[in-house]
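Given only the sequences and the hints, what does the whole structure look like? Please build it.
2 protein chains.
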Amino acid sequence: MEGKTYPEFSRRYPLLLKTLMKRPVSLYPDEIGVVYRNPDTGQYQRFTWREWYERTCRLANAMESSLGIRSGTPDEPGDRVGTMALNHHRHLELYYAAPCIGAVLHAINMRLSLDHIVHTINHAEDKILFFDDLVLPLVETIYDRIKPTVEKFVYMSDGGGVPQTKIEPIYHYEELLKEQPSEKEWPFLDEDTHATLCYTTATTGLPKGVMFTHRQLYLQALHIIARTSWSTDPAIPHLGEATIPMLNTPLYHVHGWGAPHYYVFQASKIVLPGRFTPEGFCDLVQTEKVTNTGVVPTMLAMLVEYEDLKKYDLSSLRNIGVGGAALPLGLKNKAEELIPGFTATSGYGMTETAPAAIGAFAKRYMRDWPKEELDKIRVKTGLPAVGVEVDVIDEDGKPVPRDDETIGEIVIRGPWIMERYYKDPEKTAEVWKDGWFHTGDVAKIDAQGYITIVDRVRDVIRSGAEMVPTVLLENLTAMADFVLEATYVGVPDPIWGERPLAIVKPVPGATESEEDLCKFLEAEGVEKGKITKWMLPDFIAFTDEIPKTSVGKYDKITIKKNLEEFLSKAKRIRQA
Amino acid sequence: MEGKTYPEFSRRYPLLLKTLMKRPVSLYPDEIGVVYRNPDTGQYQRFTWREWYERTCRLANAMESSLGIRSGTPDEPGDRVGTMALNHHRHLELYYAAPCIGAVLHAINMRLSLDHIVHTINHAEDKILFFDDLVLPLVETIYDRIKPTVEKFVYMSDGGGVPQTKIEPIYHYEELLKEQPSEKEWPFLDEDTHATLCYTTATTGLPKGVMFTHRQLYLQALHIIARTSWSTDPAIPHLGEATIPMLNTPLYHVHGWGAPHYYVFQASKIVLPGRFTPEGFCDLVQTEKVTNTGVVPTMLAMLVEYEDLKKYDLSSLRNIGVGGAALPLGLKNKAEELIPGFTATSGYGMTETAPAAIGAFAKRYMRDWPKEELDKIRVKTGLPAVGVEVDVIDEDGKPVPRDDETIGEIVIRGPWIMERYYKDPEKTAEVWKDGWFHTGDVAKIDAQGYITIVDRVRDVIRSGAEMVPTVLLENLTAMADFVLEATYVGVPDPIWGERPLAIVKPVPGATESEEDLCKFLEAEGVEKGKITKWMLPDFIAFTDEIPKTSVGKYDKITIKKNLEEFLSKAKRIRQA
Chain A
1 MEGKTYPEFS
11 RRYPLLLKTL
21 MKRPVSLYPD
31 EIGVVYRNPD
41 TGQYQRFTWR
51 EWYERTCRLA
61 NAMESSLGIR
71 SGTPDEPGDR
81 VGTMALNHHR
91 HLELYYAAPC
101 IGAVLHAINM
111 RLSLDHIVHT
121 INHAEDKILF
131 FDDLVLPLVE
141 TIYDRIKPTV
151 EKFVYMSDGG
161 GVPQTKIEPI
171 YHYEELLKEQ
181 PSEKEWPFLD
191 EDTHATLCYT
201 TATTGLPKGV
211 MFTHRQLYLQ
221 ALHIIARTSW
231 STDPAIPHLG
241 EATIPMLNTP
251 LYHVHGWGAP
261 HYYVFQASKI
271 VLPGRFTPEG
281 FCDLVQTEKV
291 TNTGVVPTML
301 AMLVEYEDLK
311 KYDLSSLRNI
321 GVGGAALPLG
331 LKNKAEELIP
341 GFTATSGYGM
351 TETAPAAIGA
361 FAKRYMRDWP
371 KEELDKIRVK
381 TGLPAVGVEV
391 DVIDEDGKPV
401 PRDDETIGEI
411 VIRGPWIMER
421 YYKDPEKTAE
431 VWKDGWFHTG
441 DVAKIDAQGY
451 ITIVDRVRDV
461 IRSGAEMVPT
471 VLLENLTAMA
481 DFVLEATYVG
491 VPDPIWGERP
501 LAIVKPVPGA
511 TESEEDLCKF
521 LEAEGVEKGK
531 ITKWMLPDFI
541 AFTDEIPKTS
551 VGKYDKITIK
561 KNLEEFLSKA
571 KRIRQA
Chain B
1 MEGKTYPEFS
11 RRYPLLLKTL
21 MKRPVSLYPD
31 EIGVVYRNPD
41 TGQYQRFTWR
51 EWYERTCRLA
61 NAMESSLGIR
71 SGTPDEPGDR
81 VGTMALNHHR
91 HLELYYAAPC
101 IGAVLHAINM
111 RLSLDHIVHT
121 INHAEDKILF
131 FDDLVLPLVE
141 TIYDRIKPTV
151 EKFVYMSDGG
161 GVPQTKIEPI
171 YHYEELLKEQ
181 PSEKEWPFLD
191 EDTHATLCYT
201 TATTGLPKGV
211 MFTHRQLYLQ
221 ALHIIARTSW
231 STDPAIPHLG
241 EATIPMLNTP
251 LYHVHGWGAP
261 HYYVFQASKI
271 VLPGRFTPEG
281 FCDLVQTEKV
291 TNTGVVPTML
301 AMLVEYEDLK
311 KYDLSSLRNI
321 GVGGAALPLG
331 LKNKAEELIP
341 GFTATSGYGM
351 TETAPAAIGA
361 FAKRYMRDWP
371 KEELDKIRVK
381 TGLPAVGVEV
391 DVIDEDGKPV
401 PRDDETIGEI
411 VIRGPWIMER
421 YYKDPEKTAE
431 VWKDGWFHTG
441 DVAKIDAQGY
451 ITIVDRVRDV
461 IRSGAEMVPT
471 VLLENLTAMA
481 DFVLEATYVG
491 VPDPIWGERP
501 LAIVKPVPGA
511 TESEEDLCKF
521 LEAEGVEKGK
531 ITKWMLPDFI
541 AFTDEIPKTS
551 VGKYDKITIK
561 KNLEEFLSKA
571 KRIRQA
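Protein sequences appear in the order of chains A and B. Count the first sequence with the working numbering and you get residues 1 to 576, in order. Count the second sequence with the working numbering and you get residues 1 to 576, in order.
Think of the hints as simulated: they come from the structure by calculation, not from any bench. Keep in mind that the hints are not guaranteed to be accurate.
Just so you know, same-sequence chains aren't split out, so a pair can sit in one copy or run between any two.
Dumping the calculated DSSO-like pairs for lysine-lysine here, alpha-carbon to alpha-carbon at most 30 Å [unchecked claim]:
| no. | residue 1 | residue 2 |
| --- | --- | --- |
| 1 | Lys371 | Lys289 |
| 2 | Lys533 | Lys4 |
| 3 | Lys22 | Lys398 |
| 4 | Lys560 | Lys310 |
| 5 | Lys380 | Lys311 |
| 6 | Lys571 | Lys433 |
| 7 | Lys22 | Lys380 |
| 8 | Lys505 | Lys152 |
| 9 | Lys363 | Lys22 |
| 10 | Lys398 | Lys184 |
| 11 | Lys4 | Lys433 |
| 12 | Lys380 | Lys560 |
Structure, rendered in structure tokens:
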């Protein structure tokens, strides 16, 4: 008798998102699994894992039967399902229903410009668009431009019924679900089936699309879990089944930084605030006993300034990580005073890396180091994420010496790094060279392997034969307690090629002058060996507002377009 | 310009053991990573991660150049490398060097009978045999029978030089390493390349071989890490980078239960005792500040009885798990009194499952349950391991009702379940049916998903139309504090077909009688609803020794062969 074998159920058992989705319903069917607080009405909706899972089954059945969504293969991506939605239970249902039937979830970044939103929908060829009631006016505005692409629209709201609109055909999300069975035999897809499509925010040119497979997202989740499990750094808390996370990072930002995958797999109750508001944040922490969350500095500033903060019981908080941008020292100190469980962490990732790439964490032997020594480690960008290879290379492709000084480009490869830009072989060829994905970020690396990003390749200020790393200057400047935000660009210089201009937004009411800032940079930067004297800015411009991109990064394109205007406000401080 | 892509460095980046091996040397090159205490001399050897890694590179280079080991592909396994070795640094070097150059590591179970050892070496076609100095007489004994298969022998000892022996050609491990470079460019193998070959212990017939791929072992390690990370059960401790484990489970038992993979990946200092001795255990805990370890009940009994136990500082221990066999209540109580960090856990796995399959752990909502309620959960076999599917099915292949009563066979499938028995399609066809691996173990399942194994399919006692589950009876009997060990077999019966005979080894000096045991079973079993009256044994035989297999399981084949002898010692207690 010849034995038939089942590689697809053994050594080739596929790594699929359905495995993540099915764990909580199998372990904790009757526990509350998903909580949504509508940020406008303050109303709560709570779902047990069974209820959430059954809704996800109904949604998947509706996608297949009522909406005609087709599954894909590794060679041919399934139909694209666009979403324009806040962080709520429906968006989390879409996060699993679409990929688990073999379709591709395209969570549209609603903070892009209208032109870019239209571009991503048409470039992705979104067949269906799921959108929140709040976004109706926006969808109506772009309707004529996306109508040739989008065949069906689904309206999502807590209340019933679809409003009067020119958009058609339009369905109501809850009505669609009602008609469907609450069970589903999820297919055993090939693990290389595409699951998601994300677009870069495109500080230059048009947004670029990146597809990720089930395998990629599954492996990213598992490796993030391993990393947080191993950490002996209190700033990277161990995430166990008892963790109650709140997801403030939008689900349309590169997989919500992975949280919807690893938190569902570990069966944590997931708290969804729609969008961040100080009131919603405090109310949810108090009511749901949130233990962990992450915010960007702007959200933290809003929290610190929230006058009702002390009225809430925030004692359940174990860890609030801050990431996404440099954290000003003044804000950090204020937050530490006011908010229990506050810690600052930093990390680095991009759409192309899904996004886990580099994270700041202290090594085991640093456990007992004094805080000031640890802080020197924490301001670095960090160590490679578990499971990926990261290096910093020079222009010949050789690793730079680990001297924390020589700079090169960060390159990366690993199981969840993107293979290609969607329908864009030219851009793909620019970033994949010699078996490494080239990030376009410039960094140095120290003897212990800690990487510090100093700039984007294209933002580096070229002064003489040297490169002035602007991110380093920005972070240093933000350390001044009278500075709220700061960025640097190059100004044409007849001798040096370029010289640095600092554009600075001071703390409201601050009385310090441009000269005071220069003194600070000399004392904290030059004298402490963080920068050299020739990196000091020749010009400093104080301003009320620094232009930013949709994801809150300094918009250097716009700044450079309006360079004359900033220069006219600037004071010349010194001459190189 | 068309972009070349690199799927092998992105979405198909292979899951290889080299990724696990390289993490500690990259993070902690100068920390002590591997500690070995020779159990006979008491001498310590300590290696930094860099030293251990460089030795592993040298070994791999020697395998390729001096020993001519060839790499494999997914279709054609690489050369088999046999080991007969205790738990020491060299064995851990072999664990990585052989698979990472594409060869297949066959860690030979030295506790098998000589005939079975010879069979596994010849069946595996081991091209090279690495063996410990201690095993020299054994290898000389079987030399003529394995000589046609094994081309080269490598002798491993702390001292230099190879002794006088008829074995040839023979090399000395340390001499081989000396000649080689300490660096290595590890190949990017296909993740489906075979990495290990394990043999079952074969309670019936000959040992069967099972091969596992890099992907399978990598994924098992990651999922075990996730499970221990999530656990809120204090008996399943969180394993972080600060964990210091001692590996008492032999490395030739199904990958040492996975520990050499996940502990290396998490860069824990690994403490290796050679083989278990109470003195070595205590000395290593005290010297190396061991936090976690696992033992089988026999080792625990040796520890509890070790007269010098109290002379050692064992305060670093956080968790000693006990698994592998039922834990007698008397031993449990004594261990809790004497040994800090003692907890009892149970688990279930087999060679074919690599071995992670089912583990006892308390769910999140049981955290605050009283100990007696929790203990009821802990005596169950447990819940499916994270990442695999497990079910209990009846003879028609349907899942049994979750009533904790109806029994069926355990079936399993998932990423690290074996695909086939090596060179044995007939046996493979017996276990793989309808897309499920059939374990041959009989179990029931409760409403919360907890599985309880009641027997091996072939060990069930068939009495009338019913099946008497012997494991259930064995565990119940072991709860009596005057019982050290107990097993059950069926005795032919003219009316019922079979009736149970209990074979019991009492605690030394115990004065209780067979009738006392029967009263205990009635009070603790029948009256508490754990067993029904007709499951009570008709015969009880007290004995000094119960036959066991090489891995410590009750050897029912031998018992059944000598049934008359046991029956002659037995007292008839009742008549069904």
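Hint-by-hint comparison with the structure:
Taking the closest pair of Cα atoms, Lys371 and Lys289 come within 30 Å of each other both inside a single copy (29 Å) and across two copies (26 Å). For a Cα distance limit of 30 Å, the shortest separation of Lys533 from Lys4 qualifies neither inside one copy, at 72 Å, nor across copies, at 43 Å. Taking the shortest Cα distances, Lys22 and Lys398 sit within 30 Å of each other only across copies (20 Å), while inside one copy they are farther apart (45 Å). When the C-alpha separation of Lys560 and Lys310 is checked against a cutoff of 30 Å, the pair qualifies neither within a copy, at 42 Å, nor between copies, at 74 Å.
For a Cα distance limit of 30 Å, the shortest separation of Lys380 from Lys311 qualifies neither inside one copy, at 36 Å, nor across copies, at 47 Å. For the homomeric pair Lys571 and Lys433, neither the shortest alpha-carbon distance inside one copy (43 Å) nor that between copies (80 Å) is at most 30 Å. Taking identical chains as interchangeable, the C-alpha atoms of Lys22 and Lys380 lie at most 30 Å apart only when they sit on different chains, with a minimum of 23 Å there against 38 Å within one chain. For the homomeric pair Lys505 and Lys152, neither the shortest alpha-carbon distance inside one copy (45 Å) nor that between copies (73 Å) is at most 30 Å.
Proximity of Lys363 and Lys22 under a CA criterion of 30 Å is satisfied inter-copy only: 16 Å between copies versus 34 Å inside one chain copy. For a Cα distance limit of 30 Å, the shortest separation of Lys398 from Lys184 across copies, 18 Å, qualifies, whereas the shortest one inside one copy, 52 Å, does not. For the homomeric pair Lys4 and Lys433, the shortest alpha-carbon distance between copies (8 Å) is at most 30 Å, but the shortest distance inside one copy (42 Å) is not. In this homomeric assembly, Lys380 and Lys560 come within 30 Å of each other (Cα to Cα) only inside a single copy, at 27 Å, whereas the closest approach across copies is 68 Å.
Hint compliance for this structure: hints 2, 4, 5, 6, 8 are not met, and every other hint is.
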